[in-house]
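Generate the whole structure from the sequences, applying the supplied hints.
The listed protein sequences derive, respectively, from chains R and Y. Counting from 1, one number per residue, gives the positions in the first sequence under the numbering used here. Counting from 1001, one number per residue, gives the positions in the second sequence under the numbering used here.
To be clear, the hints were calculated from the coordinates, so they are not data collected in a lab. Just so we're clear, the structure is a prediction, and the values are computed from it rather than from any experiment. Incorrect hints may appear among the rest.
[As the list claims (entries may be wrong)] Output of the computed footprint for chain Y on chain R, the stretches with three or more beta carbons under 8 Å from beta carbons of chain Y:
1) 20-33
2) 38-48
[As the list claims (entries may be wrong)] Once the Cα atoms are required to be at most 27 Å apart in a straight line, the calculated DSSO-like pairs of lysine-lysine come out as:
3) R:K42 / Y:K1131
4) Y:K1074 / R:K33
5) Y:K1259 / Y:K1366
6) Y:K1346 / R:K42
A virtual CB, placed ideally from N, CA and C, is assigned to each residue, including glycine.
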Amino acid sequence: MFSQEKSSQYLGLALQKGGEWADLFVEETTKNKALLSDKVIKNVSQQQL
Amino acid sequence: MANNKEYYGYTNDLSDTGLQKIAREVSDAVARGKSDKKVALAPNESADEVLNEHPTKNQPGDVSWDHKIALLKKADLLCRAASDKISQVNVDYTDEVQHVLVANSEGLYKKDKRTRGRFSVAAVASDGQEKQVGYEAPGAHKGFEFFESLDLDRLCKDVSETAVRMLTADYAPQGRMTVIIDSGFGGVIFHEACGHLLEASSVAKEATVMAGKLNQIIAASCVSAVDDGTLTHEWGSTNIDDEGILTRRNLLIDNGVLKSYLVDRLNGDRIGLKSTGSSRRQSYRFSPTSRMNNTFILPGQDSLAQMISDTEYGLYAKKMGGGSVNPATGEFNFSVTEGYLIKNGKIVSPIRGAVLIGRGDEILKKIDRVGNELKLAQGMCGAASGWVPVNVGQPAIRVQDLLVGGQKK
Chain R
1 MFSQEKSSQY LGLALQKGGE WADLFVEETT KNKALLSDKV IKNVSQQQL
Chain Y
1001 MANNKEYYGY TNDLSDTGLQ KIAREVSDAV ARGKSDKKVA LAPNESADEV
1051 LNEHPTKNQP GDVSWDHKIA LLKKADLLCR AASDKISQVN VDYTDEVQHV
1101 LVANSEGLYK KDKRTRGRFS VAAVASDGQE KQVGYEAPGA HKGFEFFESL
1151 DLDRLCKDVS ETAVRMLTAD YAPQGRMTVI IDSGFGGVIF HEACGHLLEA
1201 SSVAKEATVM AGKLNQIIAA SCVSAVDDGT LTHEWGSTNI DDEGILTRRN
1251 LLIDNGVLKS YLVDRLNGDR IGLKSTGSSR RQSYRFSPTS RMNNTFILPG
1301 QDSLAQMISD TEYGLYAKKM GGGSVNPATG EFNFSVTEGY LIKNGKIVSP
1351 IRGAVLIGRG DEILKKIDRV GNELKLAQGM CGAASGWVPV NVGQPAIRVQ
1401 DLLVGGQKK
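So, in structure tokens, the structure goes:
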């Protein structure tokens, strides 16, 4: 995740040519999924965002 | 945001170069929009890891796949053990850990961690000629302890028994009648046909019949409803919304009077209202907008048994299925997956194929009894900012003169 200083830098860049307000949303997600269908494991996956 | 217009960009290139590039692209887009206003960044508040109201005991990532898959296999066996008419079982396991940072030009800088789990079980019963499905999908804002706390025996037995019971159900009658909609997932109608109409994104465009109705009577006086993003460990809860605002309990309807919309920052500026901590998005790929968290009708005075015994003729909709809604008007139709006919104050037989048809603002005024036992149920809500986890809910409610679509006159 970004430091406050880096966040401010990117927000400042986004607003440098105008605008009233900006926000920054940073996300790190790990999702695990498994599906059993008709007695068989059909899908096991890990998704990272 | 410039002149109440939103400019949005996203990237998964987290290098300094990649992030400067996306920031400049957004800036160039604002310039093309001829915004003439420039603001200075506010000084940063102190860094803030928000208080986590949903602490986890057991991180899902620390649990082996073997352990998770054993749960799926156990559920399959339990469903099949409940009846020899169960011909197919699907079980779905999902866990998710999301770390979030939200910062803005007013100095806000907040971090949050969201850990969720969901376990879906669907069983198909067949008698050789017809098939019926039972389905439950509990979820929580918890770690792996959520899965360990599930009563799989009861869950799988309920799912299978529902499917088997509906095999012998007669077709539903049609026409206007009294309908008792049970607690829990019965709240999906309120969510779809009323909750979405209260989102500031629709109100700002005047694309909802609820626009301009604050402090007006929109429901029967026995109806009060909230959206509460703070409920501990509930599926639809978050500590902060996706604009960094603390979630809260928003009283939407107070004894029939509309008291609040669900407001995000952008649409709040458009309609002159402050954020209610209701801004949500599926992921960084979506611009956030006003959404629900845990939305439900508050409990009243009546027991379900009393409501049924006071109903001469009608439908008891125990479990609701899918449906469709016109988001502007609130016109809806929802299927009843488990229903029963009520005659002379008693449940007389299971029925299938019933569809509830109406309009959100009309059904709110036709509620005449509200039960005393609130239950919540978990779902995924899809809208402009993607799919987000939500709870729907209500106690049992009784609705007069609701149109039921069925196959019998």
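Hint check results:
Figure legend: the segment 20-33 of chain R, annotated as covered by chain Y; annotation consistent (14 residues with Cβ-Cβ distances under 8 Å, at least 3 required). For the segment 38-48 of chain R, the assignment as covered by chain Y holds, since 4 residues bring a beta-carbon within under 8 Å of that chain's beta-carbons and 3 suffice. Simply put, K42 (chain R) and K1131 (chain Y) have alpha-carbon atoms about 22 Å apart, close enough for the 27 Å limit, and the pair holds. For the suggested pair K1074 (chain Y) and K33 (chain R), the alpha carbons sit about 17 Å apart, so the restraint of at most 27 Å is met.
A distance of roughly 19 Å separates the Cα atoms of K1259 (chain Y) and K1366 (chain Y); the hinted pair therefore holds under the 27 Å criterion. A C-alpha spacing of about 44 Å is found between K1346 (chain Y) and K42 (chain R), which places the hinted pair above 27 Å, so the restraint is violated.
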